[in-house]
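Please work from the sequences and hints to get the whole structure.
Under full-length UniProt numbering, the first residue of the sequence shown carries the number 1, and numbering increases by one thereafter.
Derived from the structure by calculation, the hints contain no laboratory data. Take the hints with a grain of salt, since some may be wrong.
[What the hints assert, rightly or not] What follows is a set of in silico ranges between Cβ atoms, one per label pair, in the way DEER data are often shown: (1) Glu463 - Val646: 16 to 26 angstroms; (2) Pro188 - Arg542: 42 to 52 angstroms; (3) Glu463 - Asn3: 49 to 59 angstroms.
No experiment lies behind these values; they were computed from the predicted model shown. For glycine and all other residues, C-beta sits at the position ideal for the given N, C-alpha and C.
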Amino acid sequence: MANDPLLQPFQLKHLTLRNRLMLTSHEPAYPEDGMPKALYRAYHVERARAGLGLTMTAGSAAVAKDSPPVFNNILAYKDEVVPWLRELADACHEHGTAVMIQLTHLGRRTRWDKGDWLPAVSACHRREPAHRAFPKQVEEWDIERLIRDYADAAERMHAAGLDGIELQAYGHLMDQFWSPLTNTLEGPYGGELDNRLRFTFDVLRAIRQRVGSEFIVGVRYTGDEMLEGGLTASDGMAISRRLKESGLIDFLNVVRGHIDTDAGLTDVIPIQGMPSAPHLDFAGEIKRQVDFPTFHGAKIQDVATARYAIASGKVDMIGMTRAHMADPHIVRKIVEGREEEIRPCVGANYCLDRIYQGGAAYCIHNAATGRETSMPHSIPKAAQKRRVVIVGAGPAGLEAARVAGERGHDVVVLEAASDAGGQVRLTAQSERRREMLGIIDWRLARCEALGVEIRYNVWAEVEDVLAEQPDVVIVATGGYPMEDQPAVGHELVVNTWDILSGHVAPGKRVLLFDDAGDHAAMQAAEIIAASGAELEIMTPDRTFSAEIMAMNLVPYMRSLQRPNVTFTPTYRLKSVQRDGGELLAGITSDYATSGQPDQERRINQVVVNYGITPMADVYFELKAHSSNGGEVDYDDLIAGGPQAVVRNPQGRFQLFRIGDAVSSRNTHAAIYDALRLVKDI
1 MANDPLLQPF QLKHLTLRNR LMLTSHEPAY PEDGMPKALY RAYHVERARA
51 GLGLTMTAGS AAVAKDSPPV FNNILAYKDE VVPWLRELAD ACHEHGTAVM
101 IQLTHLGRRT RWDKGDWLPA VSACHRREPA HRAFPKQVEE WDIERLIRDY
151 ADAAERMHAA GLDGIELQAY GHLMDQFWSP LTNTLEGPYG GELDNRLRFT
201 FDVLRAIRQR VGSEFIVGVR YTGDEMLEGG LTASDGMAIS RRLKESGLID
251 FLNVVRGHID TDAGLTDVIP IQGMPSAPHL DFAGEIKRQV DFPTFHGAKI
301 QDVATARYAI ASGKVDMIGM TRAHMADPHI VRKIVEGREE EIRPCVGANY
351 CLDRIYQGGA AYCIHNAATG RETSMPHSIP KAAQKRRVVI VGAGPAGLEA
401 ARVAGERGHD VVVLEAASDA GGQVRLTAQS ERRREMLGII DWRLARCEAL
451 GVEIRYNVWA EVEDVLAEQP DVVIVATGGY PMEDQPAVGH ELVVNTWDIL
501 SGHVAPGKRV LLFDDAGDHA AMQAAEIIAA SGAELEIMTP DRTFSAEIMA
551 MNLVPYMRSL QRPNVTFTPT YRLKSVQRDG GELLAGITSD YATSGQPDQE
601 RRINQVVVNY GITPMADVYF ELKAHSSNGG EVDYDDLIAG GPQAVVRNPQ
651 GRFQLFRIGD AVSSRNTHAA IYDALRLVKD I
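This is how it looks when you write it as structure tokens:
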């Protein structure tokens, strides 16, 4: 592996980066009170310990009070951030990893009702669609203050012992000055390109006066907004040259596109089903023409693509940020010749979508990411080997089997179907979501390597489980679509699983009623719409698909922008009746007041999505045979202690259930159930 392009060092001014892999700047929303405390530090140190060359923190750290975070960002405008960042930097440096941070002012990409309720500020009054704030257009005194805020923040980062900073210039204040779409100023900061760039260079000069010439400074920026009237690729090339020629920066970090809408953001940071590395060639062309240290990252989810990016000379450092959320030990596994063991990023984007809805970033199938202070990435061996029987080989059951195998237990899995995967395998019937199979395939490979036995086509009854003489039984049987809704006419409807599996063909005029708001409804809608059927998608909620979240919703909505599809929020399916050769659907609304009549729809097919009912009969039948009666001590579970409940001293085994066998949630919840339970068995 000595000649692996990814493992070659890179010299950036005085700083030697030990390899070409990096985390691009990102904010996983782990700070406490705006500070990068224990969890934030542990997250970055886990990846440093595994050999990462450069870790970029914060996407982005706020430099001013009128840049209030719309999610849980680091507050770089506070002096108290310095010791916390020093601890993080020192801890990563101990493992040989360089540490930088991204600084920004969000400009109009925030809200006025966050933080201190100061008005948002930008180079125009125009609202940003994503965050809906109408900004104040900057005045001279604002510009003076903002330049000072950037310089103050940079000085704090230098004092913290970081190796460098980068300024964020895509969708934030800096490039809001750059773009003709968001700069309506006159005079020295508006008009021609050099005027629009003046604020950036004023900031850079002020930073250099504070931190000196040796501290590393870069810019992460859009080289092409891909918007009519916005910055073009030609503008981006000109900006790149001016940045280099200024002598004020040390690297370029290139992206392409715009992030002022959910759709634009998803094109900049593509999700599953979208092309890999879509902007790599563009970044490579900037490096070729400008001849300056160039970084890049955008859906570089596998080692082969990253290796190509470096070997071909397109960029100098390649970002694998979401990939390192899925597996923080990528570099170590490359070095040790264990690439086949890397847990794949499946592009589900659960991580980013959670952030944009105000939550912390969690990987859909690595439940230890973002929980490094409480969950292990490397599973320790158990003191005593036990016989563990798992019923069900969906994501919860396979994660339980993997972790039990890593613990050194004797593990057998009983699966009713002929293949593993459960609902994930159904999800992957859609071509665009086929990458989800990586969740299953990786666990199957690990189970095989660990000696876990999986028996297929076994509908486990109590006798089957007892015959295995288990010490621990884990029921991970998942669930099935709720079948008793609507109360009137539920026998006349089909569920989304019927459509996804292909067991039922779409009708000609279809009402799809989505009460759960998850992927199953939108995947079924895509199939129905593509068949040419006249489709109405109805939800009782005020918005569509609340469980899918913003970036994942974009590809669905794009595929459903067609004349044969309509969307109807705030209405509820009440009943279904036969009426000749058609169906008559009764429609009501939770918002209706007394006296408002119900509506009707005349269609020939009703497809429903009411969520999942746990399939847990075998669990309830096993309870009497178990020592704990299925009880879980939540205090011990949360604290990370072993389960010690004894309700029946004559019980032969401990019994637990996880995932959808408990209640309808999602894939991440199922995997987290398994990890935090089984790591202590």
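Right, here's what the structure says about each hint:
| no. | hint | verdict |
| --- | --- | --- |
| 1 | Glu463 - Val646: 16 to 26 angstroms | holds (24 angstroms) |
| 2 | Pro188 - Arg542: 42 to 52 angstroms | holds (46 angstroms) |
| 3 | Glu463 - Asn3: 49 to 59 angstroms | holds (58 angstroms) |
In this structure, none of the earlier numbered hints is contradicted; all agree with it.
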